[in-house]
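Now for the letters of each chain:
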Amino acid sequence: MSNKQDAAPSGGLTRRELLGSSAALLIGASAPGAAQALTFRDTPEWKPLANVAVEPVDENAGWQFFTEEEAATVEAIVERLIPADALSMSGKEAGCTVFIDRQLAGAYGDSERLYMHGPFQEGTPEQGDQSPLTPQQRYRIGLSALDDHCRNEHGAAFAELADEQRDQVLTQLEENEIALGDIDSQVFFEIVLQNTMEGFFADPLYGGNRDMVSWKMLGFPGARYDYRDYVERHNEDLGLEPVSIGGRPDWQAQG
Amino acid sequence: MATKLPPTDAVVVGLGWAGAIIANQLVDAGLKVVGVERGPWRDTAKDFNIASVTDELRYAQRQELMLRTAQNTITMRNTPSQTALPMRQWGSFHPGNGTGGAGNHWAGITFRFQPEEFRLRSHLEERYGADSIPDELSLQDWGTDWDEMEPFYDAFEKVAGTSGRAGQLTSGQQDGGNPFEGARSSDYPTPPLRQTYAPTLFADTAREMGYTPFPVPSSLVSETYTNPLGVTMGPCTFCGFCTNYGCANYSKASAITTVLPALIRKENFEARTHCEVLEVTTDSGGRRATGIVYVDSAGRRWEQPAEIVIVAAFTFENVRLMLTSNIGEAYDPATRRGTTGRNYAYQTANNVQLFFDDKNFNPFIGGGAVGMGIDDFNNDNFDHAGLGFFGGGSTRVTPIGAAPINARPTPPGTPRWGSNWKRATVDNYASTMSIGCEASNYSSPNNYLSLDPTYRDRLGRPLLRITFDFTENDLRMAQYVTEKTAEIARRMNPRQIVANPRTGPWDGRPYQSSHVVGGFVMGADPGTSSVNKYLQVWGVPNLFVVGASAFPQNPGYNPTGTVGALAFKAADAIVNRYLRNPGEMIA
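So the sequence lines, in the order shown, correspond to chains A and B.
The opening position of the first sequence corresponds to residue 1 in the UniProt record's numbering, with each subsequent residue numbered one higher.
The opening position of the second sequence corresponds to residue 1 in the UniProt record's numbering, with each subsequent residue numbered one higher.
Calculated from the structure, these hints are not laboratory results.
Glycine is no exception: its CB is placed at the ideal position from the N, C-alpha and C atoms.
Computed Cβ-Cβ distance ranges for the label pairs, DEER-style:
no., chain 1, residue 1, chain 2, residue 2, range
1, A, H234, B, G210, 18 to 28 Å
2, A, G246, B, R127, 56 to 66 Å
3, A, E112, B, N581, 50 to 60 Å
4, A, D237, B, E148, 48 to 58 Å
5, B, D147, A, E175, 57 to 67 Å
6, B, D358, A, E232, 18 to 28 Å
7, B, E267, A, Q194, 49 to 59 Å
Some chain A residues flagged as far from chain B (calculated, every beta-carbon gap over 12 Å):
no., residue
8, R151
9, A179
10, D182
Go ahead and model the full structure; you've got the sequences and the hints to work with.
This is the structure in structure tokens:
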């Protein structure tokens with residue numbers, strides 16, 4: 001922040017006011033984007049929409065974290081976790097792999113917000129996840145080990161197996177019947193299952209849930225915020241079309 | 001080395017419900033007050049904007065409003081013989097961060113504790129015999145009573161605009177409210193919220209069975225309301241993005257929607273955000289707090305001297321700060337001596353799921369505190385003679401919304417992926433409801449808070465260590481109240497019910513409740529409590545520690561109404577007693 005902002009007029013949001021202390025001069029600039037210590041007095045400055053920006057994922061930007069080979073394996077997994085059927089398109093078609101790739105490339109991927117200090121030690125199940133591996137590492141290690149396993153046991157990479165074989169391998173992972181070496185197979189399966197479901201059911205903003213497919217399937221109306229007219233319409237199909245944070249296709253100007 | 005700042009009259013640690021309320025009362029009494037908050041300044045229009053707040057991934061999954069465990073977390077174990085390990089991502093509870101604290105993403109349920117609660121040990125001994133309380137429970141009285149608490153509950157509800165219907169008024173009983181509540185000096189500030197289908201069906205059935213359903217008291221206001229501070233709130237729109245989210249509609253009461261907009265405009269108040277308090281400093285004899293030391297986001301340390309120090313952070317940080325500042329004697333479960341960390345308690349969360357074929361609950365319509373409940377099996381509202389336990393729970397249906405990353409109920413045995421998973425998910429999404437039973441959790445000598453010997457936060461300070469498990473008393477209680485809840489569920493005639501009484505050991509992974517209480521409890525005896533009934537620390541009369549950390553045990557109710565009442569109670573004592581004669585208010 002510049003000195004000019006430091007000396008912002010009272011009544012707004014200012015840098016620390018130190019009540020006349022000369023120590024104010026000692027405060028250095030923090031790294032860009034770092035949280036700033038701030039003093040608030042009177043009416044805080046109002047910056048509309050300053051903190052709301054979640055940029056919609058660009059589906060055509062290419063893989064941000066996965067290699068081509070990794071992406072192919074993930075596509076082959078999410079296509080079986082959420083298969084195409086009469087109810088919906090598949091997890092692959094809905095964009096779950098794009099979702100996972102973008103999540104891994106962001107703050108989630110390297111556990112930036114989590115307590116990741118050691119010692120890392122095995123605890124009781126109730127003490128929760130104690131793995132030192134970040135989500136990025138879980139995918140990188142797990143996907144590679146999964147392909148090694150499939151080549152050894154089935155003679156082909158996971159993505160090249162038939163549907164039934166893929167289902168069988170996924171079931172074995174879920175039930176901890178395959179050893180993946182450097183990662184516990186259930187730890188790997190659980191993160192892939194969790195992220196796949198997140199991608200399928202989250203707002204389409206994040207790259208999955210294409211055309212709000214899962215919301216239409218369930219009858220979830222999405223990012224609506226006012227049901228006052230519907231509260232007391234009990235046991236009735238309200239026929240509400242879903243809306244995403246980005247709106248709805250039919251709201252866009254045509255032509 | 002900390003740089004010393006000019007002194008102030010009072011410094012308040014934490015700007016959630018408790019800190020904001022006390023700061024406002026002290027400023028109104030003419031004191032200069034500095035509020036210090038470890039997180040950011042939060043504002044509805046900026047942080048919870050209606051165009052972006054309806055985002056389940058961001059708020060419920062990635063927990064954007066919650067304290068980041070990278071900043072601070074806890075370690076946990078079930079028994080004193082185990083090695084505690086850090087909670088690396090929040091599971092069982094969701095501590096908040098920033099102005100408003102956990103009061104931004106709370107549900108809004110705003111019960112008053114019942115009159116017997118404040119003298120629970122005495123009450124149970126009188127009703128069931130002097131030897132009736134088992135050794136595994138360290139229940140105790142609060143050192144205050146209903147008559148002393150009631151005006152402050154009233155003050156809190158008026159600030160929050162709480163909606164509901166009184167069952168007991170000092171002027172007499174009223175139909176449609178909770179018959180078990182303590183007599184109220186006035187009705188709720190706003191009328192009850194309207195109800196969706198699931199709570200309505202539950203209430204109809206409960207009524208047929210002879211119980212007395214009432215609208216869950218809710219700090220989601222039901223109509224436009226202007227509180228005594230001049231702050232206006234708008235009616236709840238039942239958007240279903242409520243618990244875990246900030247409210248975009250100015251409908252859910254929090255410090256940022258009801259107190260801070262007025263307080264920040266007052267000349268004698270200043271808020272410092274992104275400043276984490278490291279220590280409460282004391283004089284050489286430890287008889288007087290001299291101020292606080294905090295670190296700002298650039299890593300610089302500051303000492304803020306103050307005449308009065310008020311610690312009003314979340315339960316965990318209140319207790320950790322007292323332990324790291326050597327206030328009081330740390331509790332030792334082996335000798336049962338010491339009070340700092342003593343009587344940590346939680347909530348015993350139970351539920352029953354109901355799967356129907358022929359219903360459409362439109363579960364996405366709702367809010368954290370929209371619903372109907374009964375108190376017939378709560379606390380000591382039923383005869384416990386011969387049951388083998390004390391306590392009970394608030395039985396209720398509160399549809400909080402149904403955003404589908406998390407809200408996808410299916411019967412046990414359903415696959416977790418594949419076409420059969422998808423079929424079951426679709427079939428049950430709209431036709432499933434659940435009845436919760438939020439039950440008491442009674443303190444026990446082996447459940448306590450202490451400093452972890454191994455794990456440290458990013459500033460090098462020990463993490464707080466939780467040693468906790470459910471007692472035999474609470475597990476028996478959970479079975480009983482869940483069976484009573486299941487009886488109502490069966491009467492509602494679903495295709496299938498699934499009863500989920502809480503079982504041990506306490507599991508840190510699934511979310512249960514953020515109602516962590518105790519560790520710096522209030523009472524009349526300095527041997528078993530840390531603060532007196534004015535929330536004044538025994539032996540350090542200019543230090544006040546306020547919050548759910550003061551609860552000696554937890555009844556079958558949500559804590560926030562009582563946290564707010566205790567904040568008003570402490571502020572009243574400071575303004576009307578302490579300032580006139582600074583010193584120990586109870587010798």
